[in-house]
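Quick mapping for you: the protein sequence lines, in order, are chains P and R. Take any residue in the first sequence, count from 1 to its spot, add 20: that is its number in this note's numbering. Take any residue in the second sequence, count from 1 to its spot, add 55: that is its number in this note's numbering.
The hints are simulated quantities; they were obtained by calculation from the structure and are not laboratory data. As the structure is a prediction and not an experimental result, all values here were calculated from the model. Using N, Cα and C, we set each Cβ at its ideal position, and we do this for glycine too. One thing to keep in mind: the hints can contain errors.
Said to hold, decoys possible - The list that follows gives simulated cross-link-like pairs (lysine-lysine, DSS-like), each with its CA atoms no further than 30 Å apart:
id, chain 1, residue 1, chain 2, residue 2
1, R, Lys98, P, Lys30
2, R, Lys97, P, Lys27
3, R, Lys162, R, Lys212
4, R, Lys193, P, Lys126
5, R, Lys212, P, Lys30
6, P, Lys35, P, Lys89
Claimed, not checked - One-sided excerpt, in silico: chain R residues whose CB lies under 7 Å from chain P:
id, residue
7, Phe68
8, Gly71
9, Met93
10, Glu94
11, Ala197
12, Met199
13, Gly331
Said to hold, decoys possible - Sample of chain R residues facing chain P (criterion: CB under 8 Å; computed from the structure):
id, residue
14, Gly87
15, Gly90
16, Pro273
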Amino acid sequence: MDLENQKRVKDITEKHGAENVIVVLGAAEAEAAGLAAETVTAGDPTFAGPLAGVQLGLRVYHAVEPQFKGEVDADVYEDQIGMMEMVLEVDEIIEEMTDIREEFCKFND
Amino acid sequence: MSKIRIVHYINQFFAGIGGEEKADYKPEIREGIVGPGMEFNKKFGDEAEIVATIICGDSYFNENLDEAKAKVIDMVKEYNPDLFIAGPAFNAGRYGVACGTIANAVKEELNIPVLTGMYEENPGADMFKKDVYIMETKNSAAGMRKAIKTMAPFAIKLAKGEEIGGPKEEGYMARGIRKNYFADKRGSARAVDMLINKLNKKKFETEFPMPNFDRVDPNPAIKDITKSKIALVTSGGIVPKGNPDHIESSSASKYGKYDIQGFNDLTSETHETAHGGYDPVYANEDADRVLPVDVLRDLEKEGKIGELHRYFYTTTGNGTAVASSKAFAEEFAKELIADGVEAVILTST
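Bound-form chain P, shown alone (with noise of 0.2 Å):
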């Protein structure tokens, strides 16, 4: 996650609480939105941005991904994503996503 997102990231968490905060991405592969994930929750891997070293443990989750999908209207959902969610490894990034999520995120939800 390039320096710039993780410093909003930050600052938003900051501002509202780490439980008030929902992260949703939408990396085109698993392995790039499990750093993504990685990044929010247990801090940048590559310690070089405003999240080294920084556990925020936030509630993450991939477009692509039921827990989001669920909460959105179903035809904007199908305008919106629909087209990517046919072409994207889905079973991978909810594989990768969810062990991000049981290994760092702070809520058990």
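Position chain R against the provided structure of chain P, taking the given hints into account.
Relative to chain P, chain R alone:
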């Protein structure tokens, strides 16, 4: 015992200063840790600590090499560390070269152990793996935790002067050093085991790895060879009779450049071979057998080539290091080009 003192070198990116746009950042030293040093210190526990971090932009380092090197060494000196760590640089080319260069310079000048890490295809790896310990890492910074997990304990070992195991076991890149040891099984048994594994398409590890030579793509074909100037270059050791420059019969440390103007045929009166390691009788009888001046003169007369270059270049290939051969060729290839030579015929023994 007090903690091992370490100075850490990183680039502008890992210091959180910025990416490419900040790559001209001048060397700066900060007390304590910056960026990845955080994870290093965690892994060091009570045994070691990073006392200062030097930050330098990758472009700045590589474009102002001598100045940057001197500056960074001065900075390191100030903290009087027991060990110096650079990177890890993963697959970042300029960062990898900077890490290798500065680690090697610190080792040479301050005489303390040094360590860096990078991806095996980082250009810095080939340049410095023989000089400094380079831990092998993944190709992206996503592998930071993993890299530090192996680098940190190894760093402590180095600083304490403990015995270092082989590259496989410790995770650093092979430095081309062979060390004797007592094996459990004798050579014949090990060879048969390897063969059986090979026949069964199972993994086996050679005990005599071959060096990796790069492959050189041939240049495009010459458009009109009947108008081209052709030169002869040989590793077959042909020299004027008496070997006036004393080119060694093996492991040559030099090459010769000799005039063949007026020679239509090399004879045992005029030329011989300096090359060891093969029966030189036939080359000495008629040096054209190795360096075909006679045939090229014929082709020149028949108009099949433009002309034969006035000088030939020669060395002995026997046991001569690839690095030396490269250095010879780098030098004389410039002369050949300057002399308008368009093609070279390379001959060997």
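Hints, one by one, checked against the model:
{"no.": "1", "hint": "Lys98(R) / Lys30(P)", "verdict": "holds (25 Å)"}
{"no.": "2", "hint": "Lys97(R) / Lys27(P)", "verdict": "holds (23 Å)"}
{"no.": "3", "hint": "Lys162(R) / Lys212(R)", "verdict": "holds (16 Å)"}
{"no.": "4", "hint": "Lys193(R) / Lys126(P)", "verdict": "holds (28 Å)"}
{"no.": "5", "hint": "Lys212(R) / Lys30(P)", "verdict": "violated (37 Å)"}
{"no.": "6", "hint": "Lys35(P) / Lys89(P)", "verdict": "holds (27 Å)"}
{"no.": "7", "hint": "Phe68", "verdict": "holds (6 Å)"}
{"no.": "8", "hint": "Gly71", "verdict": "holds (6 Å)"}
{"no.": "9", "hint": "Met93", "verdict": "holds (5 Å)"}
{"no.": "10", "hint": "Glu94", "verdict": "holds (6 Å)"}
{"no.": "11", "hint": "Ala197", "verdict": "holds (5 Å)"}
{"no.": "12", "hint": "Met199", "verdict": "holds (5 Å)"}
{"no.": "13", "hint": "Gly331", "verdict": "violated (54 Å)"}
{"no.": "14", "hint": "Gly87", "verdict": "violated (13 Å)"}
{"no.": "15", "hint": "Gly90", "verdict": "holds (5 Å)"}
{"no.": "16", "hint": "Pro273", "verdict": "violated (39 Å)"}
Violated hints, listed in ascending order, are 5, 13, 14 and 16; each of the other numbered hints is respected by the structure.
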